[in-house]
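**Q** Read off the chains here:
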Amino acid sequence: MLKLPIYLDHNATTPMDPRVLETMLPYFTENFGNAASRNHSFGWHAEEAVDYAREQIAQLIGADPKEIIFTSGATEGDNLGIKGVYEMYASKGNHIITCTTEHKAVLDTCKHLEKLGAEVTYLEVQPDGLIDLKELEAAMRPTTILVAIMYANNEIGVIQPVKEISAIAKKHGALFFTDAVQAVGKIPVDVNADGIDLMAFTAHKMYGPKGVGALYVRRKNPRVKVTAQLDGGGHERGMRSGTLNVPGIVGFGKACELARLEMASDTERISKLRDKLENALKQIEESYVNGNPAHRLPHVSNISFKYVEGEGLMMGFNQDIALSSGSACTSASLEPSYVLKALGLGDDLAHSSLRFGLGRYTTEEQIDFTIKAVTDTVLKLREMSPLWEMFKEGIDIDSIQWAHH
Amino acid sequence: MAYSDKVIDHYSNPKNVGTLDKASNTVGTGLVGAPECGDVMRLQIQVDNATGIITDAKFKTFGCGSAIASSSLATEWLKGKSVDEAVKIDNMDLVEELNLPPVKIHCSVLAEDAIKAAINDYRSKNGLEQLVFEERIH
Numbered sequence: 036m037l038k039l040p041i042y043l044d045h046n047a048t049t050p051m052d053p054r055v056l057e058t059m060l061p062y063f064t065e066n067f068g069n070a071a072s073r074n075h076s077f078g079w080h081a082e083e084a085v086d087y088a089r090e091q092i093a094q095l096i097g098a099d100p101k102e103i104i105f106t107s108g109a110t111e112g113d114n115l116g117i118k119g120v121y122e123m124y125a126s127k128g129n130h131i132i133t134c135t136t137e138h139k140a141v142l143d144t145c146k147h148l149e150k151l152g153a154e155v156t157y158l159e160v161q162p163d164g165l166i167d168l169k170e171l172e173a174a175m176r177p178t179t180i181l182v183a184i185m186y187a188n189n190e191i192g193v194i195q196p197v198k199e200i201s202a203i204a205k206k207h208g209a210l211f212f213t214d215a216v217q218a219v220g221k222i223p224v225d226v227n228a229d230g231i232d233l234m235a236f237t238a239h240k241m242y243g244p245k246g247v248g249a250l251y252v253r254r255k256n257p258r259v260k261v262t263a264q265l266d267g268g269g270h271e272r273g274m275r276s277g278t279l280n281v282p283g284i285v286g287f288g289k290a291c292e293l294a295r296l297e298m299a300s301d302t303e304r305i306s307k308l309r310d311k312l313e314n315a316l317k318q319i320e321e322s323y324v325n326g327n328p329a330h331r332l333p334h335v336s337n338i339s340f341k342y343v344e345g346e347g348l349m350m351g352f353n354q355d356i357a358l359s360s361g362s363a364c365t366s367a368s369l370e371p372s373y374v375l376k377a378l379g380l381g382d383d384l385a386h387s388s389l390r391f392g393l394g395r396y397t398t399e400e401q402i403d404f405t406i407k408a409v410t411d412t413v414l415k416l417r418e419m420s421p422l423w424e425m426f427k428e429g430i431d432i433d434s435i436q437w438a439h440h
Numbered sequence: 013m014a015y016s017d018k019v020i021d022h023y024s025n026p027k028n029v030g031t032l033d034k035a036s037n038t039v040g041t042g043l044v045g046a047p048e049c050g051d052v053m054r055l056q057i058q059v060d061n062a063t064g065i066i067t068d069a070k071f072k073t074f075g076c077g078s079a080i081a082s083s084s085l086a087t088e089w090l091k092g093k094s095v096d097e098a099v100k101i102d103n104m105d106l107v108e109e110l111n112l113p114p115v116k117i118h119c120s121v122l123a124e125d126a127i128k129a130a131i132n133d134y135r136s137k138n139g140l141e142q143l144v145f146e147e148r149i150h
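First to last, the protein sequences are chains A and B.
First residue of the first sequence: 36, per my numbering; consecutive thereafter.
First residue of the second sequence: 13, per my numbering; consecutive thereafter.
Hints listed in this document are in silico derivations from the structure and should not be mistaken for laboratory results.
Any given hint could turn out to be false.
[What the hints assert, rightly or not] Pairs of lysine-lysine, DSS-like flavour, derived with a Cα cap of 27 Å:
| # | chain 1 | residue 1 | chain 2 | residue 2 |
| --- | --- | --- | --- | --- |
| 1 | A | LYS427 | B | LYS137 |
| 2 | B | LYS18 | A | LYS407 |
| 3 | B | LYS34 | A | LYS427 |
| 4 | A | LYS415 | B | LYS70 |
| 5 | A | LYS311 | A | LYS415 |
| 6 | A | LYS427 | B | LYS27 |
| 7 | A | LYS38 | A | LYS307 |
| 8 | A | LYS415 | B | LYS34 |
| 9 | A | LYS427 | A | LYS317 |
| 10 | A | LYS415 | B | LYS18 |
[To be verified] Computed, partial: chain B to chain A, Cβ under 10 Å:
| # | residue |
| --- | --- |
| 11 | VAL19 |
| 12 | GLU48 |
| 13 | LYS72 |
| 14 | PHE74 |
| 15 | CYS76 |
| 16 | GLY139 |
Quick reminder that beta carbons are idealized off the backbone N, C-alpha and C, glycines included.
With the hints as constraints, model all of the structure from the sequences given.
**A** Rendered as structure tokens:
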């Protein structure tokens, strides 16, 4: 029997794996020590647990455990990585390169730094969502200290050419930061092979707890430093003060271990389901998959259904299926998704998009249900869409003088 | 955001979805909104030329649930009214009836605009002067 509602919003957050919870539980009660208490066994136990988690996390990304700085999540990691580099390397330059489809935690951090004197280049993306490496090369300056490009996009799932980007940054003597929230735990990420200097990621996107994340900070070739953004007890090698969230960190470690061991089998299963969903929904007339299909996360599909509006579409099944839309109406801003607009999609297509994010517990039965529900609703709404009627009559909608509000 | 039961009802069972013959001089058509804004409404009225009574109303809407519900309710209200009465339908009446939250008031404004545009289309087809409505800030 199919249990409703179905969760297909795994890019927003993931349910915690019960094995992760089980690992965490003792650290709330009997092993409650402060990992910074050096003088008694409660502290030692906690520190030991944190060290073990640090190893589990480092192993997933091919790092040294000492290169893991714990944070409250990826927003903090983005802030610490970018602001920390800007402050630390101020004598070297003030230019940062990022791109227009980054998460707000990166874009708004860069905007904040612009007010403080930073010069920021926002690279446009190509229609498939990837940056143009030639444009990156051309944007590099002698004063460029940091290139901040995300590993994989949260809305469309496209994977940026990280190796090539880091090589360009290195050639010009700049550091490479990547927000890898959507990638770590889902696809193989190796900080050495990928040439990453700093990387923000978080537990709750990979079946771990909310409120804990990490910033990877390279220690060798080159040795990277960031200026702390929180002053205090000098935890985390002085880069991030604050008592460590031991249960959260333990859970994060376990989540990374599970991701490492199960990534291949999870990916194989989930990508099959994603392809089934996508292929079925592509059968609907005038539906378009957004983002480069070859360089994409295995569990994401972003599809625009032309001539129906995303929020209206979701209303047809949101009692039963949880997912996200690029429509303006679902956000507070009343603007459609800036990521989809950056791909060059018209506002109408951006308004008509749905993001499907599959996960570890997604079943074929759920996908079959979703295919039917989405297809039925699209067809029903098109029957009441004036734009669909015009399209069917061969009227060019772009030629109409619309009254803009 | 949770929708009111009335919005859900109009969305699930929209009243008067369809198309009237826009070439007929007894039909007035109003097309308002813009695809880029995520809302397009087309509202049509069929008028009995002898009595001035709206005998039928149809809509098609591209938009969110509140936009669909606003236009569905508007067509319900239009049927049986005279054109002169129809002009007086106020967007706030739709807001109240559908219990629309503040962020969705623009959907009701659009429906009111669609009614007025349909009436003016009907008037111009029948040699009547255009009614002038106050400019609204959406």
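**Q** All hints, please: hold or fail.
**A** Structure-based check of all given hints:
Between A/LYS427 and B/LYS137 the alpha-carbon distance is near 26 Å, which keeps this suggested pair within the 27 Å criterion. Straight-line distance between C-alpha atoms of B/LYS18 and A/LYS407 comes to about 25 Å, which keeps the hinted pair within the 27 Å bound. Taken as a hint, the B/LYS34 and A/LYS427 pair is honoured in the structure, with Cα atoms around 16 Å apart against an allowance of 27 Å. Our distance criterion of 27 Å between C-alpha atoms is met by A/LYS415 and B/LYS70, whose separation comes to about 16 Å.
Only pairs whose Cα atoms come within 27 Å are accepted, and A/LYS311 paired with A/LYS415 is accepted, the gap being roughly 22 Å. Pair hint A/LYS427 plus B/LYS27 holds up; C-alpha atoms about 22 Å apart against a cutoff of 27 Å. About 21 Å separates the Cα atoms of A/LYS38 and A/LYS307, which keeps this hinted pair within 27 Å; it holds. For the hint linking A/LYS415 to B/LYS34, the alpha-carbon distance of about 23 Å falls within 27 Å, and the restraint holds.
Of the pairs offered as hints, the one joining A/LYS427 and A/LYS317 holds, with about 19 Å between alpha carbons and a cut-off of 27 Å not exceeded. Annotation: proposed proximity of A/LYS415 to B/LYS18 holds, straight-line Cα distance about 19 Å (limit 27 Å). At its closest, the beta carbon of B/VAL19 sits 9 Å from a beta carbon of chain A; the interface hint therefore holds under the 10 Å criterion. Residue-level restraint check for B/GLU48 holds (minimum Cβ-Cβ distance to chain A is 4 Å; threshold 10 Å).
A least Cβ separation of about 4 Å between B/LYS72 and chain A falls short of the 10 Å threshold, and the interface hint therefore holds. Interface restraint check for B/PHE74: the shortest CB-CB distance to chain A comes to about 5 Å, inside 10 Å, so the restraint holds. For the restraint placing B/CYS76 at the interface with chain A, the shortest Cβ-Cβ distance is roughly 4 Å, inside the 10 Å limit, so the hint holds. Given hint, B/GLY139 at the interface with chain A, is violated; its Cβ is 24 Å from that chain's nearest Cβ, farther than 10 Å.
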